[in-house]
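> Put together the whole structure using the sequences plus the hints.
Going by this note's numbering, the residue at position 459 of the sequence shown is 459; the numbering climbs one at a time, nothing skipped.
Simulated from the structure, these hints should not be mistaken for lab results. Every residue gets a Cβ at the ideal spot worked out from N, C-alpha and C, and that includes glycine. One or more hints might be untrue.
[Stated by the list, open to error] With beta-carbon atoms standing in for the labels, derived distance ranges:
id, residue 1, residue 2, range
1, E179, T353, 56 to 64 angstroms
2, L149, E375, 17 to 25 angstroms
3, V400, G426, 33 to 41 angstroms
4, A371, E179, 38 to 46 angstroms
5, R251, L139, 53 to 61 angstroms
6, I65, N387, 24 to 32 angstroms
7, V382, P83, 39 to 47 angstroms
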Amino acid sequence: MNPKSSKYGSFCASDKIQTKHIGALMRRLLAILLLGFGFSASGDDILQVYQQAHQNDPTFALSEIGHRIQKLNNYQAHTQLLPQIRFSMPRGRSTNENRTTYPDEAINDPRYAFLGATQENNGVWFERETEQVGWSANLSQTVFSVPTLINVMTSRKSTVSSDYTLFSSEQALIIRVVEAYFSVLRAGASLQNSLASEDAIKRQLEQAEQRYEVGLTASTDVLNARASYDDAIVSRIQAWNSFDIEFEALRVLTGVTINELSGLDEDFPIQNPVPNSEEAWVEMALKNNPQVRAQEISYESAKLRHWGQLAKDLPSITLGMSYNRSEQPFNLGGQDTPWDYVSERKGFNIGLTFSATVSAGSRFAQDRISALNREQSRLQLVQQRLNVENQTRRQFRTVVTDVQRVQARLRAIASSEASKQATETGYEVGTRNIVEVLNAQRALFGAQLAYQNAKYDYILGMLRLKQNAGVLTAAEIEELNRFMDNENTVNRPTSMSGRQ
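The structure is reproduced here in structure tokens:
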């Protein structure tokens, strides 16, 4: 048993005999197809690309930041259940002057001089300077508040929903990485297909010119070959441009410039989904799909918020405690000591505050809005489940179809190769013309390219099926990485010729 087939399996038994002889043919054809790629000891494999994207992709980074913000919001919501303590230390200095008018016979009272008073027009000016020093501490604790408790519970639900949202972003990142990686391989295969087609048509053009010079063929064969060769050059230029663009798209995703990628192993196994049951995958998706789970949590949160809105009519009880201490030294002007008198105060208070809303004019409308929000969330959950079920069924059927398509594409290569050889033989003996030879060559190259694309479609289809089922993780990237061929690397072309 192939050690690499432990998870993905292999071709079904009925196809092994049919594909036995095709394998050797495919290795020879693909060796020709990949000549223009260039080979080196190793290139970036799909696991390395995923790790770079996980670290540098701004879209995923935004999801991570949103998740961290929600966790902090949850922590902040829980602080509503903790005691609230405030501490203050007031300190100040003040100077006050006031004037009191007295009768003439009292104006010379010696006590005024002792108090530092000054006399003016039967009036006595008193000057008082005060400094206040003290501190106070206040503690409040919510004893009973249903809206506060529901707010905390809702915050917890939102955090769980955020966990599923982040997981969904991780799954989306895996899909985007595989799509971008395979887009490079697709574009590379298309370029090498164009190069191989161009080389083959060029050889046919040279043969047609030689046969025309010795009178073995008509000029129309040369003209047809020349037109096909010009078209092949245009196709090669377009393929080179697409190849370079796909490498650039990979740079945007990973944040680094990549010029070399490992190709996919030809021994990658193709099999039907496991379990091979559409209903089993649908059940798995409805249970594990992160978008469904997040919407379920959102619906639960909407119900809690509605209850919290109704609970605003319930009373709340708060425990309050406070302690304060202050010293207030003061003197009257004219004394020898800076502070002659001290006023000292201490206080401790404890009590429960009972509060309840008796009437609120907008409460009825707010209650109705919260009820409608709850119903809206429920319908969104129903819609999400229907969408996920539909997507899972379609994706399962697509994968099953892709399995058959890959095997059919592989058989088409053998048929195209046999047709090409027969057409070339017929051309040599004069029973076929140059157009038929060129068409046979194009058919073979097209079959090779279609086979590669069918395999990439199958892999992406399986990953999307697992994404819908909520079981797609980075472990799938690690498993896929086992089938990357580090000996055959795809290199970014440095010129429009598409050759290294």
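> Failing hints, ascending?
none
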